[in-house]
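Chemist: Spelled out from the first residue to the last, the chains are:
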Amino acid sequence: DGGITQSPKYLFRKEGQNVTLSCEQNLNHDAMYWYRQDPGQGLRLIYYSQIVNDFQKGDIAEGYSVSREKKESFPLTVTSAQKNPTAFYLCASGLRHTDTQYFGPGTRLTVL
Amino acid sequence: QQPVQSPQAVILREGEDAVINCSSSKALYSVHWYRQKHGEAPIFLMILLKGGEQKGHDKISASFNEKKQQSSLYLTASQLSYSGTYFCGTRETGTASKLTFGTGTRLQVTL
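Chain order of the listed sequences is A and B.
Everything in the first sequence is counted per this note's numbering, starting at 1 for the first residue and increasing by one.
Everything in the second sequence is counted per this note's numbering, starting at 1 for the first residue and increasing by one.
Think of the hints as simulated: they come from the structure by calculation, not from any bench.
Fair warning: this is a prediction, and the values are worked out from it, not measured in the lab.
Accuracy of the hints is not assured; some may be wrong.
[What the hints assert, rightly or not] Below are the DSSO-like pairs computed for lysine-lysine, each with C-alpha atoms no more than 27 Å apart in a straight line:
| # | chain 1 | residue 1 | chain 2 | residue 2 |
| --- | --- | --- | --- | --- |
| 1 | A | 9 | B | 98 |
| 2 | A | 57 | A | 70 |
| 3 | A | 83 | A | 9 |
| 4 | B | 67 | A | 57 |
| 5 | B | 59 | A | 57 |
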């Protein structure tokens, strides 16, 4: 089946630890995105990538890092520098020329 | 800059209609509408491009007023399945292909 997968669905980490969230797509989409959603809030863009080996900061990139070594994969690392990492993280992908984004199921990260 | 959505929340009885608005202070290239159920991923509903078009499928339609930089989502004869939070995402004219999302409108449809 074609789609976007994120793993794991729930993730718990101790404060001060780095953690990497996985995002994979087999839709042959060029562009991939990472968003953060806090309770009752909208989606805030962390990083995005329109082609392999290239990515740009979004509105709230501090404390996060990404890589785009393969078209299918766009992992997000939440570093210890992120002051309030507990949130729902959503990955999306889309075709560059259409803007439309399709979302994965999300990873709920809780930092204890 | 984040688009402004109104209302923030609305409660409807099944069969009633609703309108959700999305306004931007920037010139927009496109407006996208999504619906999100609690704890789930947002689902794409429709895209409107500058040019003042209107789109729809089933009983959900939307319009985009380019002069006002405003889009409206129309939900007709609402069903229980329409419950969720609706987000608009906007792409500004002349910018890279990325969307800025509003804070959402929570819609609850009751019997």
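Chemist: Starting from residue 57/A, check that the Cα of residue 70/A is at most 27 Å away, please.
Modeler: 18 Å, holds
Chemist: Is the Cα-Cα distance between residue 9/A and residue 98/B 27 Å or less?
Modeler: Distance of about 25 Å is within 27 Å: holds.
Chemist: Does the structure keep residue 67/B and residue 57/A at a Cα separation of 27 Å or less?
Modeler: Between residue 67/B and residue 57/A the Cα gap is close to 30 Å, so the pair fails against 27 Å, i.e. violated.
Chemist: Hint check: residue 59/B vs residue 57/A, CA-CA at most 27 Å. Holds or violated?
Modeler: 38 Å, violated
Chemist: Within a Cα-Cα threshold of 27 Å, do residue 83/A and residue 9/A meet the stated pairing?
Modeler: 22 Å, holds
Checked against the numbered hints above, the structure violates hints 4 and 5; every other hint is satisfied.
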